[in-house]
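**Q** So in the numbering used here, spot 110 of the sequence shown is number 110, and the numbers just go up one at a time.
These are computed hints drawn from the structure, not numbers from a lab. The hints are all genuine.
The following label-pair restraints were derived from C-beta to C-beta distances: (1) ALA188 / ARG18: 50 to 60 Å; (2) SER6 / GLU82: 18 to 28 Å; (3) GLN97 / SER6: 26 to 36 Å; (4) ILE8 / PRO50: 12 to 22 Å; (5) PHE10 / ASP107: 30 to 40 Å; (6) MET1 / TYR109: 34 to 44 Å; (7) MET1 / ASP178: 52 to 62 Å; (8) ASP178 / PRO50: 48 to 58 Å; (9) LYS76 / SER144: 24 to 34 Å; (10) SER163 / LYS106: 32 to 42 Å; (11) SER163 / ASN23: 48 to 58 Å; (12) ASN139 / SER6: 47 to 57 Å; (13) GLN97 / ASP210: 55 to 65 Å; (14) LEU41 / PHE10: 14 to 24 Å.
Derived pair list, reagent style PhoX-like, types lysine-lysine, alpha-carbon separation capped at 20 Å: (15) LYS53 / LYS7; (16) LYS64 / LYS106; (17) LYS64 / LYS76; (18) LYS7 / LYS51.
Using N, Cα and C, we set each Cβ at its ideal position, and we do this for glycine too.
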Amino acid sequence: MRDTRSKILFRPVDEFERLRGTNLAWFGLDELTYTQEEAWLRLEGRLRDPKAKRLCGFAAWTPKGYDWVYRRFIAKPVKGYEAIVAAPSENRYLLQQIPDYYDRLKDSYDERFYQQEVMGLYLNLDSALVYASFGRNENLADLSLDPAWPLLWALDFNVDPMSSLVVQVVRGEVRVLDEIVLRHSTTAEACEKFLQRFPKSPAGIVVYGDASGTSDTPPERQTTT
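Whole structure, please, built from the sequences with the hints as guidance.
**A** Encoded structure:
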């Protein structure tokens, strides 16, 4: 830039350690969710040009699940950070040229991909299909044991890890109270851990085992209690 005698450098960020060694007044990144967090941190650490009137880093992105960008800019913003969330309808220039642009995308994308890529919502697109309806804002809550309803304990009898969920069904609503995951464990140890967390259940306990309970397990691998 001849009028300001400044330079604009274009650099790839795949090998972020190569970003060291420069003194920057500002930097900008596109598609931040496809960039490693270390690249952002390296660039942020280079904002130290003594001639700069203002030091600033900025980026643009489309949501890509609950990644580091979500944690750093949306969920718990770092001090000094600010996120501007724009809706598709704000892109007046594009809509003036192609009024049905977003309608075309809706016809091409499946609903969840459309919600992420077009509407800018944070979703778990990489999660298993069984969790497709899960939403953090709708399905996370602080729960405690309701003594009027029985505890339902669902177990997966793996040795490593042995996993189980403690659930209550209250007036048709399934409430997951806890998860117990034990490495290199036995059924007896799982029972001990369960009783530590839930020593009392006034309405009783119902235990659900997985389908492997009927398998022909060799005697040397069986665990009895």
